[in-house]
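Here the protein sequences line up with chains A and B, keeping their order. Residue numbers 1 to 190, in our numbering, belong to the letters of the first sequence in order. Residue numbers 1 to 207, in our numbering, belong to the letters of the second sequence in order.
Calculated directly from the structure, the hints in this document are not laboratory data. Accuracy of the hints is not assured; some may be wrong.
Dumping the calculated SDA-like pairs for lysine to any residue here, alpha-carbon to alpha-carbon at most 25 Å [unchecked claim]: (1) LYS27/A <-> GLU14/B; (2) LYS43/B <-> THR189/A; (3) LYS76/B <-> ASN93/B; (4) LYS43/B <-> TYR11/A; (5) LYS189/B <-> ARG103/A; (6) LYS44/B <-> TYR187/A; (7) LYS76/B <-> TYR171/B; (8) LYS27/A <-> ASN202/B; (9) LYS189/B <-> GLY92/B; (10) LYS44/B <-> SER9/A; (11) LYS44/B <-> GLU5/A; (12) LYS44/B <-> LYS27/A.
A quick note: this is a predicted structure, and the numbers were derived from the prediction, not measured.
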Amino acid sequence: MAGLEAIASFYVTDDLDTTIQFGSSAKPIPNTYAGLQLRCSMRGDDRNDHPWLRLSPLGSNSGNNLHFQIRNLFSGGASGSVAPLGAKDGPTSSIVFPYMHSRDTSDSYSYSPMVLDIMGYANATTYTQFLYQSGSPSIRGDQYEEGWSAIGCASWRNTARLTHFTVDAYLDSEGFRRGTSFHLYGYGTS
Amino acid sequence: MAYIDADGVLNEGESWVGIDTHTCTGNDAEVTFTSQTGSTDYKKNWSQYVDLILIISARSTRSHSEDDLLCKLNNKASAYWTTSLYMGSNTGNGYTYSSPLAYAELGGIFAASMASTYFGTHYIQFFEINSGKYKSIMSEWGKDTNASGGQVGMNSITWADTSDGMLSTNYLYEIDLYPANGSFVSGSKFDLFGTLPRMAENTAVAY
């Protein structure tokens with residue numbers, strides 16, 4: 001098995017692509033990998049600033065015991081101040097990762113990278129853990145607008161195997177902008 | 001194996017491709033990687049990759065405890081917008097440049113006044129290098145000692161070259177790496193990888 005296998009690539013070619021699904025109950029994400037990595041280049045199409053990436057686990061356990069904890073560090077704005085962002089010591093209703101640019105904050109060529117590692121997804125005995133990094137200064141014309149560097153983690157407090165999930169642009173009523181892309185990889189083991 | 005073979009046929013190759021490596025055998029003022037075309041080594045043609053990943057272990061000749069690791073894309077001196085998150089000792093810090101730099105600030109490495117065995121490490125990702133987007137870089141970096149002076153950080157950069165009088169979204173074909181105030185010492189090592197997308201339809205997984 002390859003060290004890193006490309007499972008699926010998705011390119012947003014229509015602004016109607018608001019929710020993107022990886023795997024299904026009939027064709028689940030294989031449980032043969034040590035972990036998954038979702039590589040993203042994203043932009044929201046709404047005028048809200050800073051939509052988040054939302055990941056929603058699906059499957060037979062959907063709606064059951066969906067609890068998350070999120071901790072982030074944030075460095076952005078002209079001051080470059082550092083602060084926890086969205087830290088939760090208790091369950092939350094959705095699992096979201098900051099951020100992506102949108103029409104309100106940047107030129108239309110500004111897309112936001114994010115790398116999301118998904119570990120412990122393949123078994124039915126441990127919670128699934130998420131670890132992400134994202135960062136992107138944005139500009140409008142030749143002027144700085146805002147930016148961030150962020151790292152964080154979350155957990156899906158459900159021991160079920162993660163067989164399929166969706167991603168969408170949280171806090172963005174118009175979804176991903178055309179040009180957004182996602183590449184899902186699996187960490188292969190011998 | 002990259003996905004363009006000798007006959008120009010697309011394959012579902014390894015998704016993480018080792019493109020090139022460089023180890024300094026003397027003091028190198030600059031280390032350059034360039035996309036190549038030709039008929040012998042298809043891995044070095046960057047036009048097939050989504051992202052590039054650069055892993056670095058480096059040290060500077062600067063007469064100081066540390067130096068900054070910088071780079072330019074396509075040998076352009078504008079315009080690199082940067083925000084950084086870093087931590088030294090027990091304090092988190094950050095800064096954002098409200099004006100663009102003439103280079104990408106990737107983070108810190110050790111320099112000549114530190115023991116010669118101390119190198120800095122970087123894990124740098126260049127995103128969507130062949131797209132019509134502004135190019136994005138995320139650089140995770142760290143350098144640790146058994147005393148003060150250690151740091152860990154993450155720098156994020158958006159490159160929107162303005163050298164031709166307009167905001168450019170050029171594809172990436174060259175990376176020039178250099179310390180801000182010295183040269184790379186012998187033993188500094190640079191490994192460049194490319195990531196490939198899923199090419200053939202994956203009928204086993206719905207998406």
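Where does the structure disagree with the numbered hints, that is, which hint numbers, in rising order? Per hint list: 3, 5, 9, 12 violated.
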